[in-house]
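Protein chains in written order, with UniProt numbering: chain F, 1 to 411; chain A, 1 to 411.
Careful: at least some of the hints might be erroneous.
Intra- or inter-copy, both count: the list cannot distinguish identical chains.
With a Cα cut of at most 27 Å, we get these calculated DSS-like pairs of lysine-lysine [said to hold, decoys possible]: (1) Lys144 to Lys171; (2) Lys179 to Lys47; (3) Lys58 to Lys88; (4) Lys58 to Lys97; (5) Lys391 to Lys212; (6) Lys88 to Lys112; (7) Lys157 to Lys173.
The set of hints was computed from the structure by calculation and includes no laboratory data. Note that the coordinates shown come from a computational prediction; the quantities given were computed from them, not determined experimentally.
Number of protein chains: 2
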Amino acid sequence: MNAEILAVGTELLMGQIANTNAQYISGRLPEVGVNVYYHSVVGDNPKRLKDCLEIALKRSDAVIMTGGLGPTQDDLTKETVAETLGKKLVLHEESLKKIEEYFAKTNRPMAKNNIKQAYLPEGCIVISNNNGTAPGCIIESGGKVVIMLPGPPSEMKPMFEDTVIPYFLNKAKSMLVSKHIRMIGIGESAMEEKIMDLIQNQTNPTIAPYAKEGEVTLRITANCSSREEGEGLIAPVVDEIRKRLGNTIYSLEDKPLYAVVGEMLIEKNITIALAESCTGGLIAEMLTNVPGISRVFDRGIVSYSNQSKVECLGVNPETIQRFGAVSRETAVEMARGIKERSGTDIGLSVTGIAGPGGGTPQKPVGLVYIALAYGDQVECRELRLMGNRAKIRNITALNALDMIRLHIMNQ
Amino acid sequence: MNAEILAVGTELLMGQIANTNAQYISGRLPEVGVNVYYHSVVGDNPKRLKDCLEIALKRSDAVIMTGGLGPTQDDLTKETVAETLGKKLVLHEESLKKIEEYFAKTNRPMAKNNIKQAYLPEGCIVISNNNGTAPGCIIESGGKVVIMLPGPPSEMKPMFEDTVIPYFLNKAKSMLVSKHIRMIGIGESAMEEKIMDLIQNQTNPTIAPYAKEGEVTLRITANCSSREEGEGLIAPVVDEIRKRLGNTIYSLEDKPLYAVVGEMLIEKNITIALAESCTGGLIAEMLTNVPGISRVFDRGIVSYSNQSKVECLGVNPETIQRFGAVSRETAVEMARGIKERSGTDIGLSVTGIAGPGGGTPQKPVGLVYIALAYGDQVECRELRLMGNRAKIRNITALNALDMIRLHIMNQ
Numbered sequence: 001m002n003a004e005i006l007a008v009g010t011e012l013l014m015g016q017i018a019n020t021n022a023q024y025i026s027g028r029l030p031e032v033g034v035n036v037y038y039h040s041v042v043g044d045n046p047k048r049l050k051d052c053l054e055i056a057l058k059r060s061d062a063v064i065m066t067g068g069l070g071p072t073q074d075d076l077t078k079e080t081v082a083e084t085l086g087k088k089l090v091l092h093e094e095s096l097k098k099i100e101e102y103f104a105k106t107n108r109p110m111a112k113n114n115i116k117q118a119y120l121p122e123g124c125i126v127i128s129n130n131n132g133t134a135p136g137c138i139i140e141s142g143g144k145v146v147i148m149l150p151g152p153p154s155e156m157k158p159m160f161e162d163t164v165i166p167y168f169l170n171k172a173k174s175m176l177v178s179k180h181i182r183m184i185g186i187g188e189s190a191m192e193e194k195i196m197d198l199i200q201n202q203t204n205p206t207i208a209p210y211a212k213e214g215e216v217t218l219r220i221t222a223n224c225s226s227r228e229e230g231e232g233l234i235a236p237v238v239d240e241i242r243k244r245l246g247n248t249i250y251s252l253e254d255k256p257l258y259a260v261v262g263e264m265l266i267e268k269n270i271t272i273a274l275a276e277s278c279t280g281g282l283i284a285e286m287l288t289n290v291p292g293i294s295r296v297f298d299r300g301i302v303s304y305s306n307q308s309k310v311e312c313l314g315v316n317p318e319t320i321q322r323f324g325a326v327s328r329e330t331a332v333e334m335a336r337g338i339k340e341r342s343g344t345d346i347g348l349s350v351t352g353i354a355g356p357g358g359g360t361p362q363k364p365v366g367l368v369y370i371a372l373a374y375g376d377q378v379e380c381r382e383l384r385l386m387g388n389r390a391k392i393r394n395i396t397a398l399n400a401l402d403m404i405r406l407h408i409m410n411q
Numbered sequence: 001m002n003a004e005i006l007a008v009g010t011e012l013l014m015g016q017i018a019n020t021n022a023q024y025i026s027g028r029l030p031e032v033g034v035n036v037y038y039h040s041v042v043g044d045n046p047k048r049l050k051d052c053l054e055i056a057l058k059r060s061d062a063v064i065m066t067g068g069l070g071p072t073q074d075d076l077t078k079e080t081v082a083e084t085l086g087k088k089l090v091l092h093e094e095s096l097k098k099i100e101e102y103f104a105k106t107n108r109p110m111a112k113n114n115i116k117q118a119y120l121p122e123g124c125i126v127i128s129n130n131n132g133t134a135p136g137c138i139i140e141s142g143g144k145v146v147i148m149l150p151g152p153p154s155e156m157k158p159m160f161e162d163t164v165i166p167y168f169l170n171k172a173k174s175m176l177v178s179k180h181i182r183m184i185g186i187g188e189s190a191m192e193e194k195i196m197d198l199i200q201n202q203t204n205p206t207i208a209p210y211a212k213e214g215e216v217t218l219r220i221t222a223n224c225s226s227r228e229e230g231e232g233l234i235a236p237v238v239d240e241i242r243k244r245l246g247n248t249i250y251s252l253e254d255k256p257l258y259a260v261v262g263e264m265l266i267e268k269n270i271t272i273a274l275a276e277s278c279t280g281g282l283i284a285e286m287l288t289n290v291p292g293i294s295r296v297f298d299r300g301i302v303s304y305s306n307q308s309k310v311e312c313l314g315v316n317p318e319t320i321q322r323f324g325a326v327s328r329e330t331a332v333e334m335a336r337g338i339k340e341r342s343g344t345d346i347g348l349s350v351t352g353i354a355g356p357g358g359g360t361p362q363k364p365v366g367l368v369y370i371a372l373a374y375g376d377q378v379e380c381r382e383l384r385l386m387g388n389r390a391k392i393r394n395i396t397a398l399n400a401l402d403m404i405r406l407h408i409m410n411q
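Next comes chain F alone, as it looks inside the complex (with noise of 0.2 Å):
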C-alpha cells in the first residue's frame, strides 16, 4: 500500500513552521507496510485544498491529512473530504460529549463553534482526542483511505500510535524493515566507489546513501512480510557493508556520534576532559546531551582568550609567542594541559579559525588543530575546512568526536 501525506496550513507556507507531522508519520508507516511516495502542504482553501486530495486519490491508496481541524471559518479539511468524497457530515454525540468534558476539565468555557469539531463524515471511524478537541477519522471510500487527523503534534502522535498503526498494520501484508549505518571520515562519493555492485545489484534489501554535513549515511531497506524476516534479510547486507567500510562506521542504530562517543566513554569508564577554543564549546554542549555522562567527563575549559590558555590550561606563552594561538603546537599543549590538571584519562582539545574574519594567507579560515593527549601520548589532527562559521565549528566538533571514538576503539 502506498501514501501520501497532505498537510493542510497556511502557518507552514508562511514557513512559520516545519512540516514535522510528515516527518514523524513518514518514519513510522514503512514498519506497518506502507510506503510513504509524496507529501503535499496547501493552505486554508477550499479549491486548492480539493484539487490536492484529488490529485493524491488518485496517485495513492491511502492520504493522511494533518491540520485545519480546528474550530475556526477557516479550518475547513473536513468539508472538503466530505464534498470530494460525496459524504455528509453528521453530528458524532460521543464527541461532542468529550469536547464539553474537555473544556470543563481545563475550566474554560465552551465555544460556540467548538461544537463544529463534533461533526463527521457519515460511516467513518472515528479517532478520539485525548488531549484536544478535534477529533479525527479514517474514511474508506472507493478502495482508497482517507484519514483526517489534527495538526498540533501533541494531538496528532498520540492519535496515530492509538489507532492509525493498529489500522494499517491490520490489513499489512508486506512491510518496510530499514537500518540506518552511519559513517564519518569518509566521502559520499568514496563511500559509494566501496560498494558500487552493492548498490547497483540492489533488489531487496535496497541501498540508498546521503550525505548530511561531515557524515555519510547508508539506508538498507528489506521489504518483508514480518520485521523478523526484514532483519534476516538486512543481516549479510550490513555484514558485508561493514567488512568494506570498516571503522568508518559509527553506528548501525541511526545515533548521533556525540551520543554513540558519549556512551563509549561512559561504558568503558574512560574520563575526559576538554579545551575548546573556536568550537566555542560545542564539543561540551554535545557530549553533555548525553544523560549520565557526568560520571566520565569531568570538565570543559572554553578557553578564548591566549591568556585564558595560559592560566587554564597551562599552555607556555613562548609557545604562542612563537607559533601561534593556532598551531599543532598550541593544540597539544592545551590537550596535554586540560589532562594534567583535571586528571582524566583523555584530553582533547581544539583550537582553530572559524571565520568570517581572523585569517591570513598562511593561516586561512577553516585551519583547525585538534589534539588527543592520553597517557604520555598526543595525536593531532590537522583540518582546512571551508564553509561559514557555523559549518567550520560543527565538522571540527565531529571530527574531534571522530578522534576520541577511535581512540577508543584502537586501545
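Given the structure of chain F, go ahead and fit chain A onto it with the hints provided.
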C-alpha cells in the same frame, strides 16, 4: 507570482529529516512578491518526480526544487527537469573548475562521478555553490521558471539568498515587507493582551504573534510596492508596540538573543567569563557564534564535576557539602569565582538539574540557579522549568542571556 516548493529526496519520505528547506524558502519568498501555494516532496524516482514537476508547472508560476543534485546514481533532479522541459544537459566548464578547486582546497581526491555535477541545462542561469560541489540553476521556459538548489541547508541558503532572492526582487510588482519583534520574559497570552486592540484593528500591516520555546515573536507584515513604502507602514505600529512592551523586546531585526547580547557586549566593551554546569557549554557555544566575540569573551568553564567547581572556580567545598551543587549559594560562588579568576567585568554561572535523572522531591528536575557577578554585586535567578533535558538547557541559556542583557541595559 505564485510558487511551489518541490523537494526531492527519499530521506524526506522516510522521515529521516524534516523539510526545513521548504520552511526557510517559504519564510523568505513573500518578501520578494512571491506567494507560496504548495509544498511537495517526492522520492528519488524519475517517473514520480516527472509527474510532480508536471503538476507543479501546471498550477504554479515558479517551481523551486531542492535536493537530488548530488554526484550519485540516484540524484536525478537535473536529468528529469531537462527531459521535462526538453533541454539538453551541457558541461559548464566554470562549474567543473570550481568543483575541482573545491576538492583541491579540502585536500580530498575528486571522485569521477562528481563531474556529473558540472552538467547543467542549456541556457540556464548558473548559481554557483561556495559551500559544496553541486551548482544550482534558474531556467526560464514557457512563461514559467524552474529553480534547482542543492539539498544541504548550508549550501542551499547562501545560494538562495545571493541569487534567487535578487532574481525575484527584480521581477516583483507588489511585495510583502515584514518585521519581526522578538521578546523574552513574557508569555504569549500576556503579550497578546497588551496589544489586543492593535491585533483586532489590523489591516495593513497585519500583526501575527507566535511562540517559540522560551520566547515570543510578533510578525508585522505590510503589503506594499517597495521596501521603503512597507517600512513606512510598519514603523508607527512598531513604535506603539515598543511603548507597550518595553524591555521585553530584545530585537527588532529578527536576531537571536545570543547575537543581540554578544553584540551588546562587544559594543560596550564589557568583558565576560562563564561558569556552566547543567548547560554544559551551551551558553559559551551560543555567544561564540558571534563574530568578533573574542574581544570580550575571555573564557568559559564547563564545571561538571564538583572537583572542577572547586579547582577551576574556587568554590568552597563546604558550600557544596552544605547547600548542594545545585543551590543559590554555589551559583553565587561560581559566578564570583569565574569573574575573579578571569578578571572580567561580568562572571555568569549556571547550575541546575537538566534531567532525566538526578532530581529529588526537594530539588526536582528543572530546578536551575543562574548568578551574575559584577563589581562586588551578585544577582541570582531561580528557575523551575518543565520539559526534557534539551528544553531545560535551552530555556536556561535564554534566561542567562536575558540576565546579561538586562544588566547591560540597566547600567
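Requested in this report: Please work out whether the CA atoms of Lys88 and Lys112 approach to 27 Å or closer within one copy, between two copies, in both situations, or in neither?
Outcome: Close inside one copy (21 Å), not across copies (60 Å); limit 27 Å.
Report task. Classify it for me, Lys157 with Lys173: is the Cα-Cα distance of at most 27 Å met within a copy, between copies, both or neither? Result -> within (24 Å within a copy, 42 Å between copies)
Query - Within, between, both or neither: Lys144, Lys171 at alpha-carbon 27 Å - result: within (13 Å within a copy, 43 Å between copies)
Report task. At 27 Å max between alpha carbons, let me know whether Lys58 reaches Lys97 within a copy, between copies, both or neither. Result -> neither (36 Å within a copy, 45 Å between copies)
Query - Status of Lys47 relative to Lys179 across identical chains (alpha carbons, at most 27 Å) - result: Classified as between: cross-chain Cα gap 26 Å, same-chain 41 Å, threshold 27 Å.
Query raised in the report: 27 Å Cα cut-off: does Lys391 pair with Lys212 within a copy, between copies, both or neither?
Result: Intra 11 Å, inter 24 Å, cutoff 27 Å: intra and inter.
Report task. Check Lys58 against Lys88 for me: Cα-Cα at most 27 Å, and say if that holds within a copy, between copies, both or neither. Result -> within (22 Å within a copy, 31 Å between copies)
Violated hint: 4 only; the structure is consistent with all others.
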